[in-house]
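One-letter residues, chain by chain:
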Amino acid sequence: MKTWLKITTVILLTYTIVAGLLFDVPRLNIVNETIRALYFHVPMWFGMVVLFCVSTVYAVQYLRNPSIQKDINSVEFANTGLMLGMLGIFTGMVWANYTWGSPWHGDPKQNGAAISLLVYLAYFVLRGSIENEEQRARLSAVYNIFAFAAMIPLIFIIPRMTSSMHPGSGGNPGFNMYDLDSKMRMVFYPAVAGWILLGIWIATLRIRVRKIDEKLIELENE
Amino acid sequence: MNKRTFLLAFLGFFFLSHLTMAQPEMADTMRSEGKIYVVVAILLIIFAGLFGYLVMLDRKVTRIEKKLPEKKV
Numbered sequence: 013m014k015t016w017l018k019i020t021t022v023i024l025l026t027y028t029i030v031a032g033l034l035f036d037v038p039r040l041n042i043v044n045e046t047i048r049a050l051y052f053h054v055p056m057w058f059g060m061v062v063l064f065c066v067s068t069v070y071a072v073q074y075l076r077n078p079s080i081q082k083d084i085n086s087v088e089f090a091n092t093g094l095m096l097g098m099l100g101i102f103t104g105m106v107w108a109n110y111t112w113g114s115p116w117h118g119d120p121k122q123n124g125a126a127i128s129l130l131v132y133l134a135y136f137v138l139r140g141s142i143e144n145e146e147q148r149a150r151l152s153a154v155y156n157i158f159a160f161a162a163m164i165p166l167i168f169i170i171p172r173m174t175s176s177m178h179p180g181s182g183g184n185p186g187f188n189m190y191d192l193d194s195k196m197r198m199v200f201y202p203a204v205a206g207w208i209l210l211g212i213w214i215a216t217l218r219i220r221v222r223k224i225d226e227k228l229i230e231l232e233n234e
Numbered sequence: 138m139n140k141r142t143f144l145l146a147f148l149g150f151f152f153l154s155h156l157t158m159a160q161p162e163m164a165d166t167m168r169s170e171g172k173i174y175v176v177v178a179i180l181l182i183i184f185a186g187l188f189g190y191l192v193m194l195d196r197k198v199t200r201i202e203k204k205l206p207e208k209k210v
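Protein chains in written order, with the numbering used here: chain A, 13 to 234; chain B, 138 to 210.
Note that these hints are calculated values from the structure, not bench results.
Do not take every clue at face value.
Each computed DMTMM-like pair below joins lysine to aspartate or glutamate, with the alpha-carbon atoms no more than 25 Å apart [claimed, not checked]:
1. A/223 to A/119
2. B/172 to A/143
3. B/204 to A/146
4. A/18 to A/143
5. A/82 to A/145
6. B/203 to A/45
7. A/82 to A/143
8. A/18 to B/195
9. A/223 to B/170
10. A/18 to A/232
11. A/82 to A/193
12. A/227 to A/119
13. A/14 to B/195
14. B/197 to A/146
15. B/204 to A/230
16. B/197 to A/230
17. A/18 to A/145
18. A/18 to A/146
19. A/18 to B/170
20. A/82 to B/195
21. B/172 to A/230
22. A/18 to A/193
23. A/14 to A/143
24. A/195 to A/119
25. B/203 to A/36
26. B/197 to A/226
27. A/227 to B/170
28. B/197 to B/207
29. A/14 to B/170
30. A/223 to A/234
31. A/195 to B/207
32. A/82 to A/36
33. B/204 to A/36
34. A/195 to A/36
35. A/223 to B/195
36. A/223 to A/45
Stretch by stretch, here's where chain B covers chain A in the computed footprint (C-beta under 8 Å, at least three residues) [unchecked claim]:
37. 131-137
38. 220-228
All values derive from a computational prediction rather than experimental measurement.
Even glycine gets a Cβ: it sits at the ideal position worked out from N, Cα and C.
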């Protein structure tokens, strides 16, 4: 990751914290000030989806033209994505507790998100259970594509077809869903970009550590 | 102005100045709007710390990468 992108990440997230807590937001019943959680809870999911997407692209690339590097990239992006997803679940539970009345409400989107996280957890279980490196890489790459394909309907389609308390149920929310007035967009879009960039930064760092590990193993074998 | 009004005015002034002294208002920005700025400051410190930590980790990895002999994995 380029240095200027890292600096952009820091600037965007610093802006998110200051503007997210201080700028004007619509005054709504029940949600009150918790509307500000939008700047922190929702970008976790955006980040997770982007990282899983990158992970799947590397998985496809691995199957087309296998190399250890692509396998490492695929795993570490999935790993960081899962981390963001768990943060999304936990922040969502806190938010739900104070606006919907209980941390786990059985909301279709909440259930779908939890199931897709379990699907991705199984990806790591699968990897851990195979000794042979090439076999592990190949099988997990195939599973990765299935996991991504399962996540899309679980998070984006099913909750919109049924009644969900998340915005956008029973239709296409597009980008005007949360009554996002222009003031909120001014914070929301930079927040999404900032959190996605932070996820990519951490993922690339993990990849670099894994590369060093691979090199050390190679040196030991010589 | 007779003595009585002067005394009243003096007492009134004394009383008023005493009232303002009873409620000292200082460092207004950090104490206004339910002290939200304090929360902002705390979050900024945490994020500054975490980012600094992340940058240090990043540099450490770069340093170790340079120590390794040049060879393709």
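Hint by hint, here is what the structure shows:
1. A/223 to A/119: The hint is violated at about 41 Å.
2. B/172 to A/143: Cα-Cα ~56 Å, so violated.
3. B/204 to A/146: 28 Å, violated
4. A/18 to A/143: 36 Å, violated
5. A/82 to A/145: 13 Å, holds
6. B/203 to A/45: Measuring from Cα to Cα gives roughly 48 Å; hence the hint is violated.
7. A/82 to A/143: Since the Cα atoms of residue 82 of chain A and residue 143 of chain A sit roughly 18 Å apart, the hinted pair holds (cutoff 25 Å).
8. A/18 to B/195: Satisfied, since the Cα-Cα distance of roughly 10 Å is no more than 25 Å.
9. A/223 to B/170: Distance of about 50 Å is beyond 25 Å: violated.
10. A/18 to A/232: Violated. Residue 18 of chain A to residue 232 of chain A sits at ~34 Å, over the 25 Å cutoff.
11. A/82 to A/193: Not satisfied, since the Cα-Cα distance of roughly 41 Å exceeds 25 Å.
12. A/227 to A/119: 46 Å, violated
13. A/14 to B/195: Within the cut-off at roughly 12 Å; holds.
14. B/197 to A/146: 30 Å, violated
15. B/204 to A/230: 15 Å, holds
16. B/197 to A/230: Holds, at roughly 21 Å.
17. A/18 to A/145: Violated, at about 33 Å.
18. A/18 to A/146: 33 Å, violated
19. A/18 to B/170: 33 Å, violated
20. A/82 to B/195: Cα-Cα ~21 Å, so holds.
21. B/172 to A/230: 56 Å, violated
22. A/18 to A/193: The hint is violated at about 29 Å.
23. A/14 to A/143: Roughly 35 Å between the alpha carbons, so the hint for residue 14 of chain A and residue 143 of chain A is violated.
24. A/195 to A/119: Distance ~28 Å between residue 195 of chain A and residue 119 of chain A Cα, so the pair is violated.
25. B/203 to A/36: 48 Å, violated
26. B/197 to A/226: 17 Å, holds
27. A/227 to B/170: The hint is violated at about 55 Å.
28. B/197 to B/207: 18 Å, holds
29. A/14 to B/170: 39 Å, violated
30. A/223 to A/234: Holds. Residue 223 of chain A to residue 234 of chain A sits at ~17 Å (cutoff 25 Å).
31. A/195 to B/207: 51 Å, violated
32. A/82 to A/36: 44 Å, violated
33. B/204 to A/36: 50 Å, violated
34. A/195 to A/36: 7 Å, holds
35. A/223 to B/195: 14 Å, holds
36. A/223 to A/45: 44 Å, violated
37. 131-137: violated (count 0)
38. 220-228: holds (count 7)
Checked against the numbered hints above, the structure violates hints 1, 2, 3, 4, 6, 9, 10, 11, 12, 14, 17, 18, 19, 21, 22, 23, 24, 25, 27, 29, 31, 32, 33, 36, 37; every other hint is satisfied.
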